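Peer 1: One letter stands for each residue in the lines below.
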Amino acid sequence: AQSVTQLDSQVPVFEEAPVELRCNYSSSVSVYLFWYVQYPNQGLQLLLKYLSGSTLVKGINGFEAEFNKSQTSFHLRKPSVHISDTAEYFCAVTLGGSYIPTFGRGTSLIVHP
Amino acid sequence: NAGVTQTPKFRILKIGQSMTLQCAQDMNHNYMYWYRQDPGMGLKLIYYSVGAGITDKGEVPNGYNVSRSTTEDFPLRLELAAPSQTSVYFCASSLDGSSGNTIYFGEGSWLTVV
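Line by line, the protein sequences give chains A and B.
The first sequence runs 4 to 116 under my numbering.
The second sequence runs 84 to 197 under my numbering.
Check before you lean on any hint, since a few could be wrong.
Covered stretches of chain A (in silico footprint by chain B; criterion: 3 or more residues with CB under 8 Å from a CB of chain B, positions within the stretch not fixed) [said to hold, decoys possible]: (1) 47–53; (2) 94–103; (3) 107–113.
Stretch by stretch, here's where chain A covers chain B in the computed footprint (C-beta under 8 Å, at least three residues) [said to hold, decoys possible]: (4) 123–130; (5) 173–186.
Because the hints were derived from the structure by calculation, they are not lab data.
Note that the structure is a prediction, hence the values are computed from the model and not measured.
Glycine is no exception: its CB is placed at the ideal position from the N, C-alpha and C atoms.
Could you put together the complete structure from these sequences and hints?
Peer 2: Quick look at the structure:
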């Protein structure tokens, strides 16, 4: 079974600063990786996903993530955050051949003016 | 585009009461899911369905039941509500069983059991 670790439960940053949200997974087989975002009082929506190919994946709202197989990581980055990026971010992993993802516990990104 | 619609959005139940959370999707998705979200715990899968008439247990099914009589609808029933079922519940759907599929979520149902 796979597991997903989001190393930070909360990440406070100032507006226009860069941010990195960390995600590590434990699996030795092929995986599909996702980042979902949950704005306050809303459901989750897809930010980006890695299926294959280029290890750098670009998503919506200026976010990107890099798949690192040797470090089993899929960290999410944004070079300059906005107040509106304040939300909960979830990393998720699906094993090849499965269709049910395992979600991390979430990282709360708090952007201060 | 309605997507995944859940009702009710908020509900307070007394211990021992029962209720049904409704979920409908209009994307013609075959796969549907129910998750619960507790603070700091991420999402836990309660039940899922791969098509009409087919349901299966997820990670935390105790105290819940589901049915899938149509492709569109996937209600979640809570029998004999307990305080431990106080949570936010999310219904979700995906097109099929492809590992890379995006999962589409409803806006959530906040349930408090007192």
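Peer 1: Checked against the structure, which of the hints given earlier come out wrong?
Peer 2: The structure breaks none of the hints.
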